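Next come the chains, spelled out residue by residue.
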Amino acid sequence: MKLKLPLAITIILTMLSVADYYFKVPAINTIARDVTVATLVMSACAIGIGIISLTKIHVNRIAKKKPHSLESVIMLVTLAAFILVGAVLGSGDPNYVYMFQNIIVPLDSAMFSLAGFFMASAAYRAFRARSNEALVLLVAAVLVMLGQAPIGEALWSGFPNVSQWILDVPNTAGVRALIMGIAIGMLSLTIRMLMGHEKGYLGAGA
Amino acid sequence: MTAKKGWMQKLATIDPRVIFLLLFICVGAPLLSPVGLPVGISPGTSGMYKFIEGLPSGNFVLSAFDMSAAVAPECYPQVAAFTAHLKNKNLKIVEVAFDSAGPMFADQALRDVFGASKDHPLYGKNFVNLGYIAGGEAAMRSYAANPKMIQKDFYGKDIKDLEIMQPLSSAKDFRLVIVITGSQVDNFVRQFGDPYGVPIAGAVTAVLVTRVMPYYPAKVIGYLNGLRGAAEYELLVKRPGIALAGMDAQSAAHLLVIIFIIIGNVGYMVRKSRRS
Amino acid sequence: MAYSFLYKENRAYRIAEHIYLGAGTGYGAILSAKYVYDNAWTPLVKGNTLWAIPLLASLLLYFYFSKKHFWIYRIPTAAIIGIGTGIVVAADFRTRLTEQISATLLPLFIANDPYKSLNNIIIVFGVIGSLIFFYFSREHRGPVKGMVNFGKYILMITFGAAFGQTFMARISLIIGRIQSLYLWPAWILLPSAAVLVGVAISWDRLRQKKAKSATEKK
Numbered sequence: 001m002k003l004k005l006p007l008a009i010t011i012i013l014t015m016l017s018v019a020d021y022y023f024k025v026p027a028i029n030t031i032a033r034d035v036t037v038a039t040l041v042m043s044a045c046a047i048g049i050g051i052i053s054l055t056k057i058h059v060n061r062i063a064k065k066k067p068h069s070l071e072s073v074i075m076l077v078t079l080a081a082f083i084l085v086g087a088v089l090g091s092g093d094p095n096y097v098y099m100f101q102n103i104i105v106p107l108d109s110a111m112f113s114l115a116g117f118f119m120a121s122a123a124y125r126a127f128r129a130r131s132n133e134a135l136v137l138l139v140a141a142v143l144v145m146l147g148q149a150p151i152g153e154a155l156w157s158g159f160p161n162v163s164q165w166i167l168d169v170p171n172t173a174g175v176r177a178l179i180m181g182i183a184i185g186m187l188s189l190t191i192r193m194l195m196g197h198e199k200g201y202l203g204a205g206a
Numbered sequence: 001m002t003a004k005k006g007w008m009q010k011l012a013t014i015d016p017r018v019i020f021l022l023l024f025i026c027v028g029a030p031l032l033s034p035v036g037l038p039v040g041i042s043p044g045t046s047g048m049y050k051f052i053e054g055l056p057s058g059n060f061v062l063s064a065f066d067m068s069a070a071v072a073p074e075c076y077p078q079v080a081a082f083t084a085h086l087k088n089k090n091l092k093i094v095e096v097a098f099d100s101a102g103p104m105f106a107d108q109a110l111r112d113v114f115g116a117s118k119d120h121p122l123y124g125k126n127f128v129n130l131g132y133i134a135g136g137e138a139a140m141r142s143y144a145a146n147p148k149m150i151q152k153d154f155y156g157k158d159i160k161d162l163e164i165m166q167p168l169s170s171a172k173d174f175r176l177v178i179v180i181t182g183s184q185v186d187n188f189v190r191q192f193g194d195p196y197g198v199p200i201a202g203a204v205t206a207v208l209v210t211r212v213m214p215y216y217p218a219k220v221i222g223y224l225n226g227l228r229g230a231a232e233y234e235l236l237v238k239r240p241g242i243a244l245a246g247m248d249a250q251s252a253a254h255l256l257v258i259i260f261i262i263i264g265n266v267g268y269m270v271r272k273s274r275r276s
Numbered sequence: 001m002a003y004s005f006l007y008k009e010n011r012a013y014r015i016a017e018h019i020y021l022g023a024g025t026g027y028g029a030i031l032s033a034k035y036v037y038d039n040a041w042t043p044l045v046k047g048n049t050l051w052a053i054p055l056l057a058s059l060l061l062y063f064y065f066s067k068k069h070f071w072i073y074r075i076p077t078a079a080i081i082g083i084g085t086g087i088v089v090a091a092d093f094r095t096r097l098t099e100q101i102s103a104t105l106l107p108l109f110i111a112n113d114p115y116k117s118l119n120n121i122i123i124v125f126g127v128i129g130s131l132i133f134f135y136f137s138r139e140h141r142g143p144v145k146g147m148v149n150f151g152k153y154i155l156m157i158t159f160g161a162a163f164g165q166t167f168m169a170r171i172s173l174i175i176g177r178i179q180s181l182y183l184w185p186a187w188i189l190l191p192s193a194a195v196l197v198g199v200a201i202s203w204d205r206l207r208q209k210k211a212k213s214a215t216e217k218k
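These protein sequence lines are chains A, R and C, in that order. The numbers in the first sequence follow the working numbering, run straight up by one, and end at 206. The numbers in the second sequence follow the working numbering, run straight up by one, and end at 276. The numbers in the third sequence follow the working numbering, run straight up by one, and end at 218.
Hints were generated in silico from the structure; no laboratory data involved. Since we're looking at a predicted model, the values are computed, not measured. Keep in mind that a hint or two might mislead.
[Claimed, not checked] Here are the in silico distance ranges between beta carbons for each label pair: (1) R:Val-270 to C:Val-195: 34 to 44 Å; (2) R:Pro-56 to A:Ile-31: 33 to 43 Å; (3) R:Asp-119 to A:Gly-158: 49 to 59 Å.
All C-beta atoms in this analysis are idealised placements derived from N, C-alpha and C, irrespective of residue type, glycine included.
Construct the entire structure; sequences and hints are all you get.
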């Protein structure tokens, strides 16, 4: 019951979604769409689990005076501030938008952009043409980088064309093969879920 | 021989912080003192521009924001450029977000291009920001089936009071769906492109371009390749902005990394030949 | 503060990281709450009682924190996963499989257009070779091995292009951040940050020197 009921729900709703896509039967289509809209509400409510888990971990860290407790305090204060201000003013309020633009956007993009520095360092220290395959990879990378920046076109007018050809032809072939493989993999995973062999999504103890 | 080896050894084991500093200088210096290298127009950008240029006035276009705040430096200049184009063509713009950060950028785009968002007299008639719909691809499926599925827009206005939303019954009513994303385009092709036959244009980060190519040009009629694509679009709509300003810095950084790769590999080849 | 990580992992970076975590989570919570309030709670209050079902089902999610009744959490999770899987797989079969196969069926020889013919040959055999590359159930021999090698090089070019594009994307983010440093009020902040960074680095080096000399004395 504790496992069979959720599995049965998964199987029934998966089949319903698939039937909605392939069959134009008003009854099936209406039920599927209503259930889909209901799951959107459930997905939105699921964020509460994340907030509670996060708060528990950091409150525990502060209460037990573990290292980095100050950072945990700052995190909880920021979390509370964004929730309170958003709840009082509303998400569309210009002041809330200002907070978003000046706190979240700079921090988020700064964190992401750190990878650029490490990629440059890796390019110098680790990218070696140890084999023919690695040489082909490096040459392709260099040609694409030259073609995509204006400096490439300034050096030789053919670089953008070569770069575009790499994206249009061999890259298309490679990525097409990869996404076809992913689609087949997803299909087999879904069949496993429908047969009840795949239960990892149900959490611990499944 | 020993001195050369010491010099090569030093170069091979250079502190990574020196590399970070060099990159910082290479990016920062051209921004202060631009060279002004010409920027060509790529086929992806040209495809998107020509398609929008060919749309008759009054047609509906969906701007679907699936971007996080992390990719804003790449994607927002694209949004500003194509939203200006949509405004110039007098097209009806429906903005919706499938990522929680989306509505903020949708709002900023309206303020930058139209001068105001919810307070603009044409808000609700010519453009609208519907806000965030939770649920990922399930939300896309639901929205494509019924664009009026949500009750209120981002600012709390009732959908029934928004004139622009009334004629919309499904994704088929949109002449173009512009996807602004840093994660994937496949979901939009699956939920908007294939079932409803709506053309898709991608305002995507550079990372994603390789994954857009299998769908181009059959399903994805055009795409903007990161900041470079934004710069190209700014040129096409004659609205030079931060994307164009950043191109020299992009060139300098690319050149620096290529030099790093060459130096690293030359050193490796020399050491390999000495060992053999 | 975030870029201080490039020098060394330090408290300023950790504080920036935690602010980002708190702010992002708080903001996400508000947007999700707004969606639920506008699209489920308000219609329920206005008389559409069917909305009570997803709202009550959402409450079951919070049994995640109960050890004894954890299984109840699986019910709404199963619904979300079931619908999500069905939506993706049904459409994926068409978009990423049949449509891609159809797009790969290209003419291998076009009269008067050798360039396009060559491109089509590369795409068709590239896709086939790359797919066979991932087939590990049998040893690759003879002509199949040739195809696999071709597919391997196609994949290397793909990954090379991906690296080039990824680097371009990351540099764009760095450009965005540095551009913002050149705008007001960064004119004050940037020199102040430079002074602070200089002081912090000097203090750190001094501390390292002292620790080193103390170890040597021992």
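Hint by hint, here is what the structure shows:
no., hint, in the structure
1, R:Val-270 to C:Val-195: 34 to 44 Å, "42 Å, holds"
2, R:Pro-56 to A:Ile-31: 33 to 43 Å, "38 Å, holds"
3, R:Asp-119 to A:Gly-158: 49 to 59 Å, "51 Å, holds"
This entry satisfies every hint, going by the numbered hints stated previously.
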